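Participant: Residue-level listing of the chains:
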Amino acid sequence: MTANLDYWRKPSMIKTPSLRYGIYIAAITYFVLTVATLPIDWQRAAEGIERAGRIFSGAFPPNFDRSELLITGFLESLKIAILASAGGMLLSVPLAFMAAGNISPKPIYYLGRGIIIIARSFHPVIVAIIFVKAVGFGPFAGALTLIVYSIGFVAKLLAERIEEIDFGQVEALRAAGAPFLSTMFYAITPQIMPRMVGLGIYQLDSNLRASAVVGIVGAGGIGSTLANAFGRYDYDFALAITMVIVGVILISEAFSGVIRKQLL
Amino acid sequence: MLEIKKLVKRYGAGAPVLKDLDLTVQGEQVMSIIGSSGAGKSTLLRCVNRLVEPTSGSIRLNGTDFTTLSTRELRFARRRVGMVFQGYNLVDRLTVMENVQSGRLGYISTWAALTRRFPKEDIRRAYELMERVGIAQYASKRADELSGGERQRVGVVRALMQRPEILLADEPTASLDPKTSEQIMALLRDLASELNLPVIINIHNVNEAKEYSDRIVGMRYGRIIFDDVPEALDAAQMDEIYSGTPSEDRKAQGASA
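Chains as they are written, first to last, in our numbering: chain A, 1 to 264; chain B, 1001 to 1257.
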């Protein structure tokens, strides 16, 4: 029967052709409708370009006169990032173990997943607004925000790494009668260590960037300095800040790349 | 003495993998279990230390019924059963010494384990055993730097560190080349008599089973259909254990090796 066939196609994921094409058509229709009905005010956009021109002309040349303010802002951002990364990692590791389906019992698993989902559901800016309301303007709110942000990211990825481990190593230690925590430390931690270190370094980098964003809503650091500069129409100072942010992020990117290569 | 009585293991609703199995192992004998894949060899071995939960029946090791133990009691009971695995199951990123000492984790506190403060006596014993199997020079090397045969030796030493009353080996040589595989089998046989330790080995290589064991158990579809000294295993019984076409291949393999 199959001996003389020279024709083969990979079976489609959606078997019924009518359903398959129906889904394609629906997706295209929705996309076209969305673009057609989205309220885009072209006139307002045109005015905006003019205004953007004014901002940019005001921004040149960048003004570094108040570099003291700039440096203070940056040091504060750095402190926020370090504090948030350390706190975030510290909380993420146990949370990741809780949220790993292969090692934790169902109720604890759901609790861990739940906390991670909540930490992930809000953008750092929204979390920052809440913390600024709760603990007031300043770096403390920023650090708390980025701890939540770090948890959402690190705990999730770490939990997924734990779910991918070679379970044979856990089985071997269980067979030897090792207690629960000893098994975690010996069979799991070594397996996830490279990922843990990688995430920690990435998070430091990422928190530095994010601290500039959350600062805009009042959570301290260079973002606050930037928001103030915009508020006072000091576009030349704002440009100076932006340039330094880009520079620092480039440096930290290169730096973390080197560290990661050394460690892993 | 290990006494297994009326052991049944059923996964889900299907036919049981182990059907009313009775088996007694005593003394320092090396017993090999042979049988085609899916015969239940691995399940049987894992039921002994309850890595697989038996459905019914009893498993007694020197008087302790393993099937009725609570979680905590089971943890203590597991220290008395050493296990060697097909894929070694070493912690690759830890040193050989840490892997060997992980056989003692059931005895030392989590804090001592975490800070690597192993009792002097355990370290002495580890060196002794590593010396015996020829891996002492690798103590501070990472486990993943070793060759397959060396890794399995680490696996054996880790199991022996428990001072087990019985050693279970789940296809310990299946990932090894023929030469290394024979070395490991010889090692298991010698250790059994040196340490007065009964050893149960799941194995696919019938020739090795015959050469290195005192007793062979043949399993087929969850039942023991052969249980005797290696000399008693003849072609007809082999055929029955591995009934179906694969038996031809295995016999041919056996003749040439």
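Treat the hints loosely; a few may be bogus.
[To be verified] If you anchor each label on the Cβ, the simulated ranges turn out as follows:
(1) B:Asp1144 x A:Glu253: 29 to 35 Å
(2) A:Ile259 x B:Ala1136: 34 to 40 Å
(3) A:Ile14 x B:Asp1177: 22 to 28 Å
(4) B:Ala1174 x A:Ile126: 29 to 35 Å
(5) A:Tyr202 x B:Arg1010: 54 to 60 Å
(6) B:Tyr1127 x A:Gln262: 29 to 35 Å
(7) B:Asp1122 x A:Ile71: 37 to 43 Å
(8) B:Ala1136 x A:Ile126: 57 to 63 Å
(9) B:Leu1069 x A:Arg9: 40 to 46 Å
(10) B:Gly1134 x A:Glu164: 45 to 51 Å
(11) B:Lys1141 x A:Glu164: 23 to 29 Å
(12) A:Tyr202 x B:Tyr1127: 46 to 52 Å
(13) A:Glu253 x B:Ala1186: 52 to 58 Å
[To be verified] Far from chain B by the CB rule (all over 12 Å, computed), these chain A residues:
(14) Arg9
(15) Lys10
(16) Ser12
(17) Ala36
(18) Leu69
(19) Tyr110
(20) Leu157
(21) Arg174
(22) Ala175
(23) Ile188
(24) Ser256
In short, the hints are calculated from the structure, not lab data.
Please read all numbers here as calculations on a predicted model, not as lab measurements.
Note that beta-carbon positions come from the ideal geometry of N, C-alpha and C, so glycine has one too.
Participant: Given the hint of 29 to 35 Å, check if B:Ala1174 and A:Ile126 actually sit that far apart at their C-beta atoms.
Facilitator: Once the Cβ atoms are compared, 55 Å apart, the range 29 to 35 Å for A:Ile126 and B:Ala1174 is violated.
Participant: I want to verify a distance hint. Is the separation of the beta carbons of B:Gly1134 and A:Glu164 within 45 to 51 Å?
Facilitator: 34 Å, violated
Participant: Verify this label for me: A:Leu69 is non-interface relative to chain B, using a Cβ-Cβ cutoff of 12 Å.
Facilitator: 46 Å, holds
Participant: Taking the closest pair, is the beta carbon of A:Arg9 still more than 12 Å from chain B?
Facilitator: 34 Å, holds
Participant: Lying within 22 to 28 Å: is that true of the beta-carbon distance A:Ile14 to B:Asp1177?
Facilitator: 47 Å, violated
Participant: With 12 Å as the threshold, tell me whether A:Lys10 passes as away from chain B on beta-carbon distances.
Facilitator: With a cut-off of 12 Å, A:Lys10 remains clear of chain B, as the shortest Cβ separation is near 30 Å.
Participant: Hey, is A:Leu157 genuinely clear of chain B, shortest beta carbon separation above 12 Å?
Facilitator: 19 Å, holds
Participant: Looking at A:Ala36 again, its CB stays over 12 Å from all of chain B?
Facilitator: Fine: 53 Å to the nearest Cβ keeps A:Ala36 off the interface.
Participant: Can we trust that A:Ala175 is non-interface, i.e. its beta-carbon lies farther than 12 Å from all of chain B?
Facilitator: 4 Å, violated
Participant: Mind verifying the non-interface call on A:Tyr110? Its CB should be farther than 12 Å from each CB in chain B.
Facilitator: 21 Å, holds
Participant: I want to verify a distance hint. Is the separation of the beta carbons of B:Lys1141 and A:Glu164 within 23 to 29 Å?
Facilitator: Given about 26 Å between the Cβ atoms, the range holds.
Participant: So the hint says 40 to 46 Å: do the beta-carbon atoms of B:Leu1069 and A:Arg9 match that?
Facilitator: 56 Å, violated
Of the numbered hints stated above, those contradicted by the structure are hints 3, 4, 5, 7, 9, 10, 12, 21, 22 and 23, listed in ascending order.
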